[in-house]
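Order-wise, the sequence lines are chains A and B. For the first sequence, the working numbering begins at 159 and goes up steadily by one. For the second sequence, the working numbering begins at 1029 and goes up steadily by one.
The set of hints was computed from the structure by calculation and includes no laboratory data. As the structure is a prediction and not an experimental result, all values here were calculated from the model. Just to be clear, a hint being listed does not mean it is correct.
[Said to hold, decoys possible] With a straight-line cut-off of 35 Å between C-alpha atoms, the simulated DSBU-like cross-links for lysine-lysine are:
| # | chain 1 | residue 1 | chain 2 | residue 2 |
| --- | --- | --- | --- | --- |
| 1 | B | K1047 | A | K188 |
| 2 | B | K1047 | B | K1136 |
| 3 | B | K1099 | B | K1193 |
| 4 | B | K1136 | B | K1095 |
| 5 | B | K1089 | A | K184 |
| 6 | A | K188 | B | K1201 |
| 7 | A | K167 | B | K1121 |
| 8 | B | K1121 | A | K195 |
| 9 | B | K1202 | A | K195 |
| 10 | B | K1119 | B | K1095 |
| 11 | B | K1201 | A | K184 |
| 12 | B | K1089 | B | K1120 |
| 13 | B | K1193 | A | K188 |
| 14 | B | K1086 | A | K188 |
[To be verified] Covered stretches of chain B, going by a simulated chain A footprint (3 or more residues, C-beta under 8 Å):
| # | segment |
| --- | --- |
| 15 | 1109 to 1122 |
| 16 | 1144 to 1157 |
For glycine and all other residues, C-beta sits at the position ideal for the given N, C-alpha and C.
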Amino acid sequence: MKEFEKHQKENPFEVPENYFEELSGKIHSKIEQDTSKKDMKSRLVVLTPYITIAASFIIIYGLWFLFLEQGISNVHLSNDQTEITLTEMDYFLEELNQEELIEFFSTIDNFDTYNLAYNEEEISEILDDIDESLIIEAF
Amino acid sequence: MPESFDSNIVSMMNEHVQKEHVLELIIHEYKERLYWHIRKIVISHDDADDVLQNTFIKVWKGLDNFKAESKIFTWLYRIATNESISFLQKKKKRFLLPIHDVEKELIKNMESDEYFSGNEIQLTLQRAILTLPEKQRIVFNMKYFDEMKYSDMSAILDTSEGALKASYHHAVKKIKKFLNID
């Protein structure tokens, strides 16, 4: 090893200019970044139960809205259908007479906007020709 | 190592002086020594810079738990050495390099590093050192360049003094062989 004694222990490495002067600042700013990231994480950890609860409520409400509302409208629809097809329609048709029907249509507001150029006699004739079974089918 | 520095730091911690201020004092006292210790292990300046910054961040995180019975010098060198070794291991994994290719990589880094200004003799010696196994290389650098006591090295590397002496002896032998010196 003695042949190397001239140069061997000299440091062959160098550093950029002002490296050691600027090092401390770089380390402190890295620590600051680290700390703010950690703060954000710990804040999220604290908020996590609240966020979970809020998300659960939203999901439950969403599901309620989707299924319950749909269910209710289905019930209404089926009730309506049942009422119309089975009981009320029969009753309605039985009770229906031409005069009442004419009176009913003539009382509808803006009936003229449909541009129905029929007078009372014509409507009576049309209604006479209608087969009751067709009306039931149509409903 | 001035023991007054250690006791000063410990009393500052006990008096709950701001951690930033304590760290600043440690950086000021140890930045150069630790940098050169790390640089000899990881070779390139950029890597040494990363490892040194991570070392001081670990010091910052561990300051609250630092125990007065161990020397700050030993504690810092241990963190720096472990950070350097784990940096090299990560590098091996990242590039899937076998051990001998890591040495080649380090030599290549050294030769192309704009912050290496060694002459031919120094370059040859560094090449010889880089042929040593990692731990032996660290032991050689600490003893040969830094002239550190075996007792300090033992505390830092958590190895017995006898084992360190044997490791250094083997390292010198290998380097002599590499350099064709009797």
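Right, here's what the structure says about each hint:
At most 35 Å may separate the alpha-carbon atoms for a hinted pair to count; K1047/B and K188/A meet this at roughly 15 Å. Between the alpha carbons of K1047/B and K1136/B the distance comes to roughly 40 Å, so the proposed pair goes past 35 Å and is violated. For the proposed pair K1099/B and K1193/B, the alpha carbon gap of about 22 Å is at most 35 Å, so the pair holds. Among the hinted pairs, K1136/B with K1095/B is inconsistent with the structure: their alpha-carbon atoms are about 41 Å apart, more than 35 Å.
Taken as a hint, the K1089/B and K184/A pair is honoured in the structure, with Cα atoms around 16 Å apart against an allowance of 35 Å. Simply put, K188/A and K1201/B have alpha-carbon atoms about 43 Å apart, too far for the 35 Å limit, and the pair is violated. For a cut-off of 35 Å, the pair hint linking K167/A to K1121/B stands: about 32 Å separates their Cα positions. Restraint check for K1121/B and K195/A: the C-alpha separation of about 27 Å stays at or below 35 Å, so the hint holds.
Between K1202/B and K195/A the CA atoms are separated by roughly 48 Å; this puts the pair beyond 35 Å, and the hint is violated. Using a Cα cut-off of 35 Å, the hinted pair K1119/B and K1095/B holds, with the two alpha carbons roughly 32 Å apart. Simply put, K1201/B and K184/A have alpha-carbon atoms about 41 Å apart, too far for the 35 Å limit, and the pair is violated. Annotation: proposed proximity of K1089/B to K1120/B holds, straight-line Cα distance about 27 Å (limit 35 Å).
A C-alpha spacing of about 39 Å is found between K1193/B and K188/A, which places the hinted pair above 35 Å, so the restraint is violated. Taken as a hint, the K1086/B and K188/A pair is honoured in the structure, with Cα atoms around 12 Å apart against an allowance of 35 Å. Coverage of the segment 1109 to 1122 of chain B by chain A is violated in this model, with 0 residues showing a Cβ closer than 8 Å to a Cβ of that chain against a need of three. Counting residues of the segment 1144 to 1157 of chain B whose beta carbon lies closer than 8 Å to any beta carbon of chain A gives 9, which reaches the threshold of three, so the coverage claim holds.
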